[in-house]
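Chain by chain, the residues run as shown.
Protein chains: 2
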Amino acid sequence: MGGDHGPRVTVPAAINYLQSHSETDIILVGLPDVIELELRSHKFAPSPRMRVQAASEVIGMDESPALALRGKKNSSMRVAINLVKSGEAQACVSAGNTGALIATARFVLKTLPGIDRPALAVVLPTIRGHTYVLDLGANVDCTAEHLLQFGVMGATLVSSVENKEKPSVGLLNIGEEEIKGNEVVKQAAELLRDSGLNFYGNIEGNDIYKGTTDVVVCDGFVGNVALKTSEGVAQMLSIFLREEFRRNLLTRFASLIAIPVIKAFKRRIDHRRYNGASLLGLRGIVIKSHGSADSLAFGFAIARAVDEVRGGMLRHISERVAQLPHHFKNSSSYHRPLAEERPA
Amino acid sequence: MGGDHGPRVTVPAAINYLQSHSETDIILVGLPDVIELELRSHKFAPSPRMRVQAASEVIGMDESPALALRGKKNSSMRVAINLVKSGEAQACVSAGNTGALIATARFVLKTLPGIDRPALAVVLPTIRGHTYVLDLGANVDCTAEHLLQFGVMGATLVSSVENKEKPSVGLLNIGEEEIKGNEVVKQAAELLRDSGLNFYGNIEGNDIYKGTTDVVVCDGFVGNVALKTSEGVAQMLSIFLREEFRRNLLTRFASLIAIPVIKAFKRRIDHRRYNGASLLGLRGIVIKSHGSADSLAFGFAIARAVDEVRGGMLRHISERVAQLPHHFKNSSSYHRPLAEERPA
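First to last, the sequence lines map onto chains A and B. First residue of the first sequence? That's 3 in the numbering used here, and the numbers climb one at a time after it. First residue of the second sequence? That's 3 in the numbering used here, and the numbers climb one at a time after it.
It cannot be assumed that every hint is accurate.
Unchecked claim - Below, in silico cross-link-like pairs of lysine-lysine (DSS-like), each with a Cα-Cα straight-line distance of 25 angstroms or less:
no., chain 1, residue 1, chain 2, residue 2
1, A, K112, B, K212
2, B, K168, B, K188
3, B, K168, A, K182
4, B, K45, B, K74
5, B, K112, A, K268
6, B, K182, A, K74
Simulated from the structure, these hints should not be mistaken for laboratory data.
Input sequences plus hints: build the corresponding full structure.
Right, here's the structure in full:
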């Protein structure tokens, strides 16, 4: 039900996904009337492969996460995450309120043993392909241990969904030299060096888009600023380019000739293809779609969820964390079976 | 002498500047033989308006700032900053080792009363014009008070060089809501609200390039990541655009037609026009040019130095700091006349 557009986007995305992927079933969670109306408008009806799970409440995009968690126990978000906990669903995909999604998922699913805090990982395009960056805003005051955990989770995500045995991990810093950076980052570099990960070392902001490493580790504050700043640059450049093409009759003529090039360029950096941030470190798979996603973008978020389930990501993260040095396992989390290990 | 190219860039930039600005004199500091050879190659000789000040040492771009400060007391950088301290020069422009420049400038010139740490401010292009961002890497572990000081210095810089009476100041955060952000940023927001500055409130990464505020305040770690990330995005997009224009005969034809547009676009975002970071908070004006600057770019750094001298920036910052609430003035700096107040 969530996101800026609600079922008008999520329902058609689910229908499209279902029609092209015969091995996946989808449960639509929310106000049944609204969902069924949307299904009908696409000449679709609930079926065993796409059933509707009723939830009587909806969390607003601006609602306080804490209040939503306490007050709306029958929200579509909460019910969907409950389905993951019970094993009825293997993943939850939501375009809703980010803070509420993180708080609810953390409260209901709990973190994996050895993981203190969940982290949000996104995929970003690079000159060479793409890279995974985490955290993107779930954690704003991180310790070195948290950054280490992000490194482990990010590397495991990449090896699970991309079949890379030893993904390289870079630590976002303000210089490649070991002496640079703030205290937390310097300590994190030491932990990462001893972690058994394929740790590349410090990288700088421009390395994200150079594709220097498969995984980029940073705290949620820095990651969020980097992501939003990137959006800002891309937006400004696209406005400048459009303005230059519209400057006079001659440039307008050039723009006509260049249309196929500009279209190919835009397709290549289309952020919708990168929609779907992975909430990592929980005992269940949760994907956060951008709130303003359209149905194409939301489809990519669904595909990401399926990739993570298929890649056995939860199991891999648990195994990977268990191999880490002792200091890393002093976590308050207790061990219980993972959602994906239990029968569906 | 500093930077990746040394006098091959800085000397012609100085000559060009001098020829088009009759009211400015320039002192070239460094190894006299090298500088004079470069002057001769441009058919120029030392003159009262462009004299050479000998310095026997050069600090390498990768040298440790601490070692450079202790060991090279006759480096071109140190001698140039000494000239600012003695009042012989009103500003120093260097393309050299950033860490060494900050350490030397801080040691020789000292901070202004009320300012704990110098900060690096850069100008970035925005959709509406440009904005000043600080800190860009001089300070990686900042307190809320430091961020407040950055706000004051940034606002004063803008009002000094751009004649804006009340420049707006934004605090870089990960959400516009007051509850968001890490602890330091939340406290900084409170201090900025009570500072008498035209405080806009929290802004996000994309607001930098939207031009939401005249000044963007952040700690040096975040600022450096934001800047480098921006460079990375711009570089990636430009590579993608070039690749699309080179894809086949048709797109190559389109690129020929679009040449004037692409050129205008590139001119508009030419980073050389934004070269020259201001090292703020010291008892003297110091401008850091990008190490890889060419002579056009270095000329912009010289122009920035002149603008700051002419705008009376040092005096304005001192006055502005004196007006701040008491807690802000508990600085270890003691008061002595500013370089620009003393006779030349």
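Quick one, are K112/A and K212/B close enough, alpha carbons at most 25 angstroms?
violated, 39 angstroms
Straight-line alpha-carbon gap K168/B to K188/B, limit 25 angstroms:
holds, 23 angstroms
Given hint K182/A paired with K168/B - CA-CA distance at most 25 angstroms:
Distance of about 35 angstroms is beyond 25 angstroms: violated.
Hinted pair K112/B and K268/A, Cα distance within 25 angstroms:
violated, 50 angstroms
Straight-line alpha-carbon gap K182/B to K74/A, limit 25 angstroms:
holds, 22 angstroms
Is it true that the CA of K45/B sits at most 25 angstroms from the CA of K74/B?
violated, 32 angstroms
Violation of the numbered hints given earlier is confined to hints 1, 3, 4 and 5; the remaining hints are satisfied by the structure.
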